[in-house]
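Please take these sequences and the hints and turn them into a complete structure.
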Amino acid sequence: MSIDPRYIRNFSIIAHIDHGKSTLSDRILEQTGTVAGRDMQEQLLDSMDIERERGITIKSQAVRVDYVADDGQTYHFNLIDTPGHVDFTYEVSRSLAACEGAVLVVDATQGVEAQTVANAMMAMNANLEIIPLINKIDLPSADTERVRAEIEDALAIPADDAVLASGKTGVGVHELLESVVYNVPAPQGDASAPLRALIFDSYFDAYRGVVALVRVVDGIMSSGARVRMMATGAEALVEEVGIRRPAEVACDSLGPGEVGYFVTGLKDPAQVKVGDTITSAVGGVDEPLPGYRDVKPMVFTGLFPIDSDDYEDLRDALERLALNDPALVYEPETSHALGFGFRVGFLGLLHMEVVKERLEREFDLDLLATAPSVEYHVFKTDGSMLSLHSPQEMPDPGEIDHVEEPFLQAKILIPPDYVGAVMDLTVARRGTFKTMNYLSQTTVEMLWDIPLSELILDYFDKLKSSTKGYASLDYELAGYQASNLVKLDILLSGKPIDALSFIVHRDKAYDRGRVLCEKLKAIIPRQMFEVPIQAAIGGRVLARQTVGAKRKDVLAKCYGGDITRKRKLLEKQKAGKKRMKAIGNVEVPQEAFMAILKVDE
Amino acid sequence: MIDLKLDDCMGDAAPLPFPGRESGLLPDDAEAFRALYLHIPFCKRRCLYCDFATEAIDALAAPVRTYVENLIRAVRRASREDLLGSIDTVYIGGGTPTFIGQGLLTEILYTLSLSMHLTDEVECTIEANPDSVTLPLVRDMWALGANRISIGVQSFDDGVLEVLGRVHDADDARRAVSMAQDRFENVSVDMMCGVPGQTLESFEESVRCAVALGVAHVSVYPLTIEEQTPFARMVDEGRLADINEDFQATCMELAADVLAGAGYARYEVASYAKPGFACRHNKAYWSAVPYLGLGASAVSMVQGPAYRIRVQDGDVVERIGADEALAEDLMLGMRMTEGLSQDMVDAARLVFPEFDSVARDLSGRGLARWDGGRFVPTDLGWLCGNELYGTLLDLAPSL
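If you read the protein sequences in the order shown, they are chains A and B.
For the first sequence, this note's numbering assigns the number 2 to the initial residue and increments by one for each residue that follows.
For the second sequence, this note's numbering assigns the number 61 to the initial residue and increments by one for each residue that follows.
There may be inaccurate statements among the hints.
What the hints assert, rightly or not - Computed beta-carbon distance windows for the label pairs:
1) B:S401 x A:K522: 41 to 49 Å
2) B:E91 x A:H337: 48 to 56 Å
3) A:P398 x B:A301: 44 to 52 Å
4) A:F364 x B:G321: 58 to 66 Å
5) A:P398 x B:L410: 53 to 61 Å
6) A:Q574 x B:L260: 21 to 29 Å
7) A:Q574 x B:G161: 37 to 45 Å
Claimed, not checked - For lysine-lysine, the following DSSO-like pairs were computed, each having C-alpha atoms within a straight-line distance of at most 30 Å:
8) A:K522 x A:K551
9) A:K551 x B:K343
10) A:K357 x A:K558
11) B:K343 x A:K558
12) B:K104 x A:K558
13) B:K334 x A:K558
14) A:K569 x B:K343
15) A:K573 x B:K343
16) A:K575 x B:K343
None of these hints come from the bench; they were simulated from the model.
Backbone N, C-alpha and C define an ideal beta-carbon position, used for all residues, glycine too.
This is the structure we're talking about:
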């Protein structure tokens, strides 16, 4: 028996990263009694260990909360927690499409930041009713009135009635719940129309296959019905539908406006994609819900097991992770230096770090990651175009007509004092300044075009440090543009090391090569022999450094009681070497492959 | 750092444990002990680099006396259990054995002379610190059967000694050596190199000073910064320069040159001796000789046909099989100039089929070489010992 849509409220909580979204969600679950206090874990909705540890939300979540409002009526809230990081913008947009309202959380000490603006824009584009909420008002540095003004100035959202709250103390949560009842519209929908439902997230369950989170728009989604995923064309029987509280509770059906999960027994996540529309296999609709697109990775890196015997384990682990993470793509890659591994594509740097960490932690793999790269388009003289995910694949210069690289439209929010610093930094990173707006007296919005390849070279860290942490950044892919790009080779002991090569703008090649050689000199430990390090373009050496030969290593007394210690020391040393990769006869630590990310200009 | 657990081994109720007949740690098929070590875990004060099992204490304090009494009991018991019949080297180390004073040391040596055959053929070393060597002490030790004295000089440069936190100065050191030589022909000094602030000139001067004093034996150690020592903290806090391995290498090469020129043969990576004065006790540690360690934290090595066990404070701290023991012997053998004998090489080939390819790799890397049928370390192999030893130990990786 489906629920009267009049008493359903579907809403998301959106915020800039670290503004307290997940903590606020926890308080809502607590105060509505959805989760008993003793089951309460910090940031309950963030179920992955890494999410809890890093305090970020990577996957979307949905929870059904029953709330008895002050009017005495019980309302069914579907709270949809969305990823807060720019890498996951598409997932956010799909989650928002499942809602009628959004709570826009703004930190009372930080004010409006880049993702606040970006998320608010997305919510407005999705025609959501926005409830502004100023969070962390319990902090001594909270400046509620300034933040209220910023919300009005920068976002044009009336903030007189903004809810003042603290996720930490629980203050304001009741007001928020009441505001949701009165301000978020009840869902519209026709129970008698053919089924139309939106998949806004999915995950893989080893026993049941793909489990998808879904918002029913029209019609009824019932257990036992045959449905079709409109983008992928996959058809399946609905084996189970239910709601999440947050534990899964099966029910007979989901009606219009309802949010829940369904299981079909489909085992391949590629068939159940986020953003796709589900309809009845027979007598379904022809027109899918708008907004679906294929998620494409933006950043690529080579992942290699340090111990080549772990290759199969790495493949299995990637397979397992990809089940839950359709944005993760990978293909085998062979490196002369590193052996067999995979070229893996990610939505962004955070996504990459999270995946690498999960592979190492959950699957106990020692991995070596090469410097991230982007997808270059190489137009060859024979008229063909090559999509390049790895510098290794770069053709000979003679075969190249020109190369294009992905550019971003970046939005940077800063206090006016830092405009100069951001100018300097971003121009140095080949950014092109577009325009600048004063969102308020204290916030300037700068718009830039910047190559993605520059952004992934610790641009965000640099931006933060050159603005004393005030800058916030949001970006979206703006397309490909031609750039004068060359492949820079790094040679160790005279041999080019494919895994260390990278693609760089010709004007930057000399500086980057020089700095990288210096960095590598500091990173590569001294060996039994000299190790020359060179940076070269097509055989022309731009820079060189030498790691001197090791003349001595630890040598202590070794009498009766020392022998056991000596043995342990040597074993420890061996374990340390295991964290390094032997390339030819040179032991290279993992950091060496990431050194390019840390080249200070 | 080793936990002394002095409380545990003080007093009559808790004698110092060792792998004797009643301990259950000495199998019937164990080989006889041939080296004996006695540990004196007391010092006037702890040096800044020290992570040895020792405690700074008043030499007249009751725990010192109680400890020595228990040590004497342990020697007597080992004798009654017939563990000392094959001993041919004795080493009384610390800590600072001379710090506890003539009286207590005399008691220990007297006990030894009653408990075993402390003949002239037995090498008996007393470790000493320059500030606690006195002429009467030297004469008594000699009279009671000690025939070798090893003095922790470290340097003849007052500045370097101060950095190390030693309690003596260069004059004390010179005096101590001379006093020792009043009776002992076999006097050894320890020299340290690579101490922060030490120059190559200062180090060379110290080595030449030892030569000029006519000592029979010199040990040269590079300073190592051990965890949880004051030095380690000082390095972490930036108050002390970290080890400069290049400088230490240069010092060690220099020491080898100077000492070779003065007639000292290098018989181990850190040990130099005039003909006939190589330390037999230390060589025992590197030659698969079973040794009995008495006293707090002293390690014993018990060995039989298929096992090698190390026991400390009554606990087995390491137990390895025959293959691992052989790999260990190869590693320890390569500390010495004589390297691996033809017999050891043959044994290694039998147990480790890959021995020859490993040896080829080591030769190729310049760490070792063949000398007739012997496999011996090169100068580089000595300096980069961890490379060499690690590779050999890997022949029988522990699980």
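Tested hints:
1. Between B:S401 and A:K522 the beta carbons are some 43 Å apart, a value that agrees with the proposed interval 41 to 49 Å.
2. Taking the beta carbon of each, B:E91 and A:H337 are about 52 Å apart, inside 48 to 56 Å as hinted.
3. A:P398 and B:A301 have their C-beta atoms about 48 Å apart, which keeps the hinted 44 to 52 Å range intact.
4. For A:F364 and B:G321, the Cβ-Cβ distance of about 60 Å falls inside the hinted range of 58 to 66 Å, so the restraint holds.
5. The beta-carbon spacing between A:P398 and B:L410, approximately 58 Å, falls within the hinted interval of 53 to 61 Å.
6. Range check, A:Q574 to B:L260: about 28 Å between beta-carbon atoms, so the 21 to 29 Å window is met.
7. At roughly 41 Å, the beta-carbon separation of A:Q574 and B:G161 lies within the given 37 to 45 Å, and the hint holds.
8. Of the pairs offered as hints, the one joining A:K522 and A:K551 holds, with about 13 Å between alpha carbons and a cut-off of 30 Å not exceeded.
9. Restraint check for A:K551 and B:K343: the C-alpha separation of about 28 Å stays at or below 30 Å, so the hint holds.
10. Pair hint A:K357 plus A:K558 does not hold up; C-alpha atoms about 41 Å apart against a cutoff of 30 Å.
11. As the CA atoms of B:K343 and A:K558 are separated by approximately 12 Å, the hinted pair is consistent with the 30 Å bound.
12. This hinted pair checks out: B:K104 and A:K558 have alpha carbons roughly 22 Å apart, not beyond 30 Å.
13. At roughly 20 Å between alpha-carbon atoms, B:K334 and A:K558 fall within 30 Å of each other, so this suggested pair holds.
14. The straight-line distance between the Cα atoms of A:K569 and B:K343 is roughly 21 Å, inside the 30 Å bound, and the hint therefore holds.
15. A distance of roughly 26 Å separates the Cα atoms of A:K573 and B:K343; the hinted pair therefore holds under the 30 Å criterion.
16. For the proposed pair A:K575 and B:K343, the alpha carbon gap of about 27 Å is at most 30 Å, so the pair holds.
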